[in-house]
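Given the structure of chain W, go ahead and fit chain G onto it with the hints provided.
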Amino acid sequence: MSPPRLDQTFVRGSIETPVGTVPKASTIFSLSDRLGACKVRWGIGRLSYTVDPGLYAIGGARPESPVFVTANYKMTFDLLRRALAGVDGWILVLDTQGINVWCAAGKGTFGTDELVERIESSRLPNVVTHRRLIVPQLGAPGVSAHEVRQRTGFQVIYGPIRADDLTAFLKGGLKATGEMRVKEFPFAERLALVPIEIVAAVKWTLFVAAVLYLVAFFISGFSPSKATDLTLPAVLALGVSILAGGALTPILLPWLPGRAFSTKGFCMGLLLALCVLLFNGFGIPSHAAIMVGGLAQLVSIPAIAAFLAMNFTGCSTFTSLSGVQKEMRLALPLAIGGMGLGLVLWIAAAAMGG
Amino acid sequence: MRPLLYLGNVVTLSFDTSKCTGCRMCLAVCPRAVFRPLNGKIEVVSRDACIECGACRRNCPSGALSVRAGVGCASGMINKMLGRKKACCVVDDDKPPSCQ
Chain W
4 MSPPRLDQTF VRGSIETPVG TVPKASTIFS LSDRLGACKV RWGIGRLSYT VDPGLYAIGG
64 ARPESPVFVT ANYKMTFDLL RRALAGVDGW ILVLDTQGIN VWCAAGKGTF GTDELVERIE
124 SSRLPNVVTH RRLIVPQLGA PGVSAHEVRQ RTGFQVIYGP IRADDLTAFL KGGLKATGEM
184 RVKEFPFAER LALVPIEIVA AVKWTLFVAA VLYLVAFFIS GFSPSKATDL TLPAVLALGV
244 SILAGGALTP ILLPWLPGRA FSTKGFCMGL LLALCVLLFN GFGIPSHAAI MVGGLAQLVS
304 IPAIAAFLAM NFTGCSTFTS LSGVQKEMRL ALPLAIGGMG LGLVLWIAAA AMGG
Chain G
129 MRPLLYLGNV VTLSFDTSKC TGCRMCLAVC PRAVFRPLNG KIEVVSRDAC IECGACRRNC
189 PSGALSVRAG VGCASGMINK MLGRKKACCV VDDDKPPSCQ
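Heads up: the protein sequence lines correspond to chains W and G, in order.
Reading the first sequence from the start, the letters are residues 4 to 357 in the working numbering.
Reading the second sequence from the start, the letters are residues 129 to 228 in the working numbering.
Calculated from the structure, these hints are not laboratory results.
Certain hints may be false.
Pairs of lysine to any residue, SDA-like flavour, derived with a Cα cap of 25 Å [claimed, not checked]:
#1 G:K169 / W:R152
#2 G:K169 / W:I160
#3 W:K329 / G:I206
#4 G:K208 / W:F210
Rough simulated footprint, nothing fancy, chain W against chain G, three-plus residues with beta-carbon under 8 Å [said to hold, decoys possible]:
#5 131-137
#6 158-167
#7 171-181
#8 191-204
Ideal placement from N, C-alpha and C gives every residue a C-beta, glycine not left out.
Here chain W stands alone, though its shape is the one from the complex (with noise of 0.2 Å):
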């Protein structure tokens, strides 16, 4: 396995040791990386953002220096060298291929044998005098620290779930607070994974949206300004159901009701859709094909909404793989059901005229 390339951005020079040149990572979070780390959030090559896996220095790092292990998505990595700042040390970076700690962890790829791999291939042993990891507790769930410890002699050590906390880790004896072993889910955090919901679900919206325009086209006798008439209060509907879903949801969510993520959608969508038929004037209907058309609306925003939401519970720090079976046997059926029934009252309004 090659050694990481030097020529990576984030790369300053280059310590020399016994199994040869490591590049020496940079602590500085540089106006790209931010910018990276803006572009991910939007969904914009979030699959390659990644640095090569394998040994880095950072500051002036020597033999007995602590070793990180972390994975290979570049945000994760910036954030654990940013953390770093003004310590001597080295990063083992597995292959994750691009996913975060947490993320690799659950699947197995952040795991035993990926860094009992590693730590052979960066021939690690020959560069540190001790035989000590720092891995990241959210690493956990994937590695084995008694079967690390066999296979290789290394023992692992937890170190904290914020890479921010490293240093007062490294500080109080490699001993980590209660505080720092506890993931929580804060506002801040839910708010950066909201534009990623919304690029999925807009990109959906953009599909169905043509799709429903084919069928107004027809249904209105081939006219397109008719087709667009009927076609807009659904794209209504679509866009209000991702902004209850996909974002309200999320960033309310310690205060919708409900345990259910699925259950906090569907208030949050039900709420915005009868804002939206207030503001139609739907209290004085006039029209019975407006009143079709609104019940449309009232039935399928909550049921997107609720299906927008359970989706958000795999980035959430909270959900278990029971608890989500639970709840997706129940909504999930109840959520396509509501869209079903939406776009049958859509095309019924549209028939008659709406």
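Relative to chain W, chain G alone:
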């Protein structure tokens, strides 16, 4: 802020006191403060906070903890149902990656 909790009474976590050696690895790896020390061993204090990540089971040298580990990700499960193997998030609930 109060800790966020998901559905109650669903997780598959189980703990066998007789096998526990009190090594405290589970206390270090659990990101949800599910355990606490008790009489040289541990006890499960907030079961509903468990997310079945499997970190405790994988790092328990004496096999005192068991859990059907996996990722609580609805889109991953839907990707799997639809047979989308290349999607970034695919959850295999028959053979969860963290289960041996």
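Results of checking the hints against the structure:
no. : hint            : result
1   : G:K169 / W:R152 : holds (23 Å)
2   : G:K169 / W:I160 : holds (20 Å)
3   : W:K329 / G:I206 : holds (14 Å)
4   : G:K208 / W:F210 : holds (22 Å)
5   : 131-137         : holds (count 6)
6   : 158-167         : holds (count 4)
7   : 171-181         : holds (count 5)
8   : 191-204         : holds (count 9)
Checked against the numbered hints given earlier, the structure satisfies every one of them.
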